[in-house]
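All chains should be modelled from the sequences, with the hints used to inform the complete structure.
Residue strings, one per chain:
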Amino acid sequence: MSLPFILFFVFALIAIGGAVLLIMAREPIHSALSLILVMMSLAGLYLMLGAEFIASVQIIVYAGAVMVLFVFVIMLLNAGVEERTDYSKMAKYAGIPLGILLLLELAHWMHHSLIGQTPANGAGSANVMVSTRDLSMQLFQKYLFPFEATSILILIAILGALVLAKRDE
Amino acid sequence: MEFVAQHAVLVVSLVKIVILLFLTLTTLAYLTWFERKVVAHIQSRWGPYYVGAHGLLQPLADGVKFLFKEDVTPAGADKFLYVLAPFLALSLALTTIALIPFGPATITILGQPTQLIVANVNIGLMFLFAITSIGVYGLALAGWSSNSKYPLLGGLRSSAQMISYEVALTLSVVGVVLLAGTLNFNEMVSDQTGYYRYLPFIPRWHVFPQIIGFLCYFTSAIAETNRVPFDLPEAETELVAGFHTEYSSFKFAMFFMAEYANMLTVSFLATILFLGGWLSPFPDSWTFLQYLPAVGLLGLGVYLGYDAVMGATGIARIQLVVITCGALALGALCLLPAVMPIIQGPFWFLLKVGGLLFFYVWTRGTLPRFRYDQLMSLGWKLLLPVSLVNLVGTALWIIFPLLVKH
Numbered sequence: 045m046s047l048p049f050i051l052f053f054v055f056a057l058i059a060i061g062g063a064v065l066l067i068m069a070r071e072p073i074h075s076a077l078s079l080i081l082v083m084m085s086l087a088g089l090y091l092m093l094g095a096e097f098i099a100s101v102q103i104i105v106y107a108g109a110v111m112v113l114f115v116f117v118i119m120l121l122n123a124g125v126e127e128r129t130d131y132s133k134m135a136k137y138a139g140i141p142l143g144i145l146l147l148l149e150l151a152h153w154m155h156h157s158l159i160g161q162t163p164a165n166g167a168g169s170a171n172v173m174v175s176t177r178d179l180s181m182q183l184f185q186k187y188l189f190p191f192e193a194t195s196i197l198i199l200i201a202i203l204g205a206l207v208l209a210k211r212d213e
Numbered sequence: 311m312e313f314v315a316q317h318a319v320l321v322v323s324l325v326k327i328v329i330l331l332f333l334t335l336t337t338l339a340y341l342t343w344f345e346r347k348v349v350a351h352i353q354s355r356w357g358p359y360y361v362g363a364h365g366l367l368q369p370l371a372d373g374v375k376f377l378f379k380e381d382v383t384p385a386g387a388d389k390f391l392y393v394l395a396p397f398l399a400l401s402l403a404l405t406t407i408a409l410i411p412f413g414p415a416t417i418t419i420l421g422q423p424t425q426l427i428v429a430n431v432n433i434g435l436m437f438l439f440a441i442t443s444i445g446v447y448g449l450a451l452a453g454w455s456s457n458s459k460y461p462l463l464g465g466l467r468s469s470a471q472m473i474s475y476e477v478a479l480t481l482s483v484v485g486v487v488l489l490a491g492t493l494n495f496n497e498m499v500s501d502q503t504g505y506y507r508y509l510p511f512i513p514r515w516h517v518f519p520q521i522i523g524f525l526c527y528f529t530s531a532i533a534e535t536n537r538v539p540f541d542l543p544e545a546e547t548e549l550v551a552g553f554h555t556e557y558s559s560f561k562f563a564m565f566f567m568a569e570y571a572n573m574l575t576v577s578f579l580a581t582i583l584f585l586g587g588w589l590s591p592f593p594d595s596w597t598f599l600q601y602l603p604a605v606g607l608l609g610l611g612v613y614l615g616y617d618a619v620m621g622a623t624g625i626a627r628i629q630l631v632v633i634t635c636g637a638l639a640l641g642a643l644c645l646l647p648a649v650m651p652i653i654q655g656p657f658w659f660l661l662k663v664g665g666l667l668f669f670y671v672w673t674r675g676t677l678p679r680f681r682y683d684q685l686m687s688l689g690w691k692l693l694l695p696v697s698l699v700n701l702v703g704t705a706l707w708i709i710f711p712l713l714v715k716h
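Heads up: the protein sequence lines correspond to chains A and B, in order.
Using the working numbering, read the first sequence as starting at 45 and increasing by one per residue.
Using the working numbering, read the second sequence as starting at 311 and increasing by one per residue.
Bear in mind the hints are in silico, worked out from the structure with no lab data behind them.
Just so it is clear, the structure is predicted and the values come from calculations on it, not from any experiment.
Do not rely on the hints blindly, as some may be mistaken.
No more than 30 angstroms apart at the CA atoms, straight line, and that leaves these computed lysine-lysine pairs for DSSO-like [what the hints assert, rightly or not]:
| id | chain 1 | residue 1 | chain 2 | residue 2 |
| --- | --- | --- | --- | --- |
| 1 | B | K379 | B | K389 |
| 2 | B | K389 | B | K459 |
| 3 | B | K691 | A | K210 |
| 4 | B | K375 | B | K459 |
| 5 | A | K186 | B | K715 |
| 6 | B | K375 | B | K389 |
Here are some chain A residues the structure puts well away from chain B; computed CB gaps all over 10 angstroms [as the list claims (entries may be wrong)]:
| id | residue |
| --- | --- |
| 7 | V54 |
| 8 | L66 |
| 9 | M92 |
| 10 | A135 |
| 11 | L147 |
| 12 | H155 |
| 13 | H156 |
| 14 | M181 |
| 15 | L183 |
| 16 | K186 |
| 17 | A209 |
A virtual CB, placed ideally from N, CA and C, is assigned to each residue, including glycine.
Structure follows, in structure tokens:
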């Protein structure tokens, strides 16, 4: 039992617990906070994989920026406690078996594919840290076109949001 | 013992954390004294004067007061979040200090090579921004969970303000990152050693090429820490006390400490990024400067001793004599050949940080509060475009010689 091994399970359990809490919580702000918990523990997992840049970007962008806006809007609208509806029959009869099936499938492939065989860089094995320089070299040379295309996509989304917000006037 | 040997790094880090935490909390307490004293003198008052000589025991008395006050939780408050918020605010504010290097990367203490930093992270700057970007939840949750309208408005204001200024703050330091070519604090400071070729008396601190970035950074930093003239989240004339209206006792003190810890962090960061960190502004050949910390402390001791004999009376005189002895002893300690090289870095670092903190308090004593729309337009319409232009300009400045060469 090495320290990274234990830490992996700690972060994984926190992530799953946060995800369950996100669905179960009745107060919207509690749901938002659970989502932040999930994102933070994901950042912890990234860090253990040696991707420190991705980990901090995960926190800055998701936990720091996106979720602050969520919390801000929930506070601004002063959203009340959610009402519980009867759980849908669809979820009970189709969702649970399908979920179990998906889990089994994932477990099967992880057991039989390369993902299960080779240790990811960092976690429990050699301490490989991907430097920010390497990452940006890849991003701005090999993957320059997808990167720029994504940024244009985001720009279009921002313009769309502006158009929707301005429509009433 | 085997565990200790295996995890030597862990043990050393723990020792560093304990020392740093003790020093930081003491500094936070005395920062309140410093602020009250400076603002008082700006306004022609004496400030704290009665508890201890020169009011030096005032922070202690305040701490005891906070500990023994009744801890009220408002009816209808979200109990869990109400308790969580101050913890979140303070712990995140203190965590960032672990990333700050106080001295050169290689230093020998007790024969062991050590770094004057708790966590030397490769991407220290990114990590620091990651931690501070979560800091806003402390304020927002405090405002929301109090179940009261003034805190809610204060919390909303603070989160809007902090999101807005975080953008300008982050963009204003990218210029420095481009110049230094690294995100590691130690390397950033090392990058600033030496002097300009044609102006050999000006150190290569980033503040000179990045003066616009520095101004943007410090303005945004004051807004980010919710200080006057940007203290809209706790504008007492409009919002009672903003997000911490309903907090009393030690939870209030925790918000207070978090604010001062954030002040410390942004001053540390400004010193590392722009003001050359632990580097001395004078050339290395001026070796007599290594006596400066000792001379400063001994001078302070002599001044306080003079004050004890001539000025103070009664119990204050005894306290001053004790402080005088302390200062003289520390000054003598700084003269020891074993200690002298270790304290050079921290001395210059803390001197610069102290200057920035004084500037902080000075601003508070001088400027009136902004109106909310003025605050927002300053952030979005002035600081953000200016720091963007600064970023593009710096990038062009770096890339142009490369293009000419090809």
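Taking the hints in turn, this is what the structure says about them:
The straight-line distance between the Cα atoms of B:K379 and B:K389 is roughly 19 angstroms, inside the 30 angstroms bound, and the hint therefore holds. For the suggested pair B:K389 and B:K459, the alpha carbons sit about 17 angstroms apart, so the restraint of at most 30 angstroms is met. Taken as a hint, the B:K691 and A:K210 pair is honoured in the structure, with Cα atoms around 20 angstroms apart against an allowance of 30 angstroms. Among the hinted pairs, B:K375 with B:K459 is consistent with the structure: their alpha-carbon atoms are about 27 angstroms apart, no more than 30 angstroms.
About 24 angstroms separates the Cα atoms of A:K186 and B:K715, which keeps this hinted pair within 30 angstroms; it holds. About 24 angstroms separates the Cα atoms of B:K375 and B:K389, which keeps this hinted pair within 30 angstroms; it holds. Against chain B, the non-interface label of A:V54 holds: every CB pair exceeds 10 angstroms, the least being about 17 angstroms. A:L66, annotated as away from the interface, keeps every beta carbon of chain B farther than 10 angstroms; the closest lies near 15 angstroms.
The beta carbon of A:M92 sits about 14 angstroms from the closest Cβ of chain B, which is more than 10 angstroms, so the claim that it is off the interface holds. In this structure A:A135 is separated from chain B by more than 10 angstroms, as the shortest Cβ-Cβ distance comes to about 28 angstroms. The claim that A:L147 lies off the interface holds: its Cβ sits roughly 31 angstroms from the closest Cβ of chain B, which is beyond the 10 angstroms cut-off. The Cβ of A:H155 lies farther than 10 angstroms from every Cβ of chain B, with a closest approach of about 33 angstroms, so its non-interface assignment holds.
With a cut of 10 angstroms on Cβ distances, A:H156 stays outside the contact zone with chain B, its closest approach being about 36 angstroms. With a minimum CB-CB distance of about 13 angstroms to chain B, A:M181 clears the 10 angstroms threshold, and the non-interface call stands. At the 10 angstroms boundary, the C-beta of A:L183 stays outside the reach of chain B, the nearest C-beta of that chain being 15 angstroms off. With a closest Cβ-Cβ approach of about 20 angstroms to chain B, A:K186 is found to remain outside the 10 angstroms limit, as its non-interface label requires.
Non-interface status of A:A209 relative to chain B is upheld: no Cβ of that chain comes within 10 angstroms, the nearest being about 16 angstroms off.
Checked against the numbered hints above, the structure breaks none of them.
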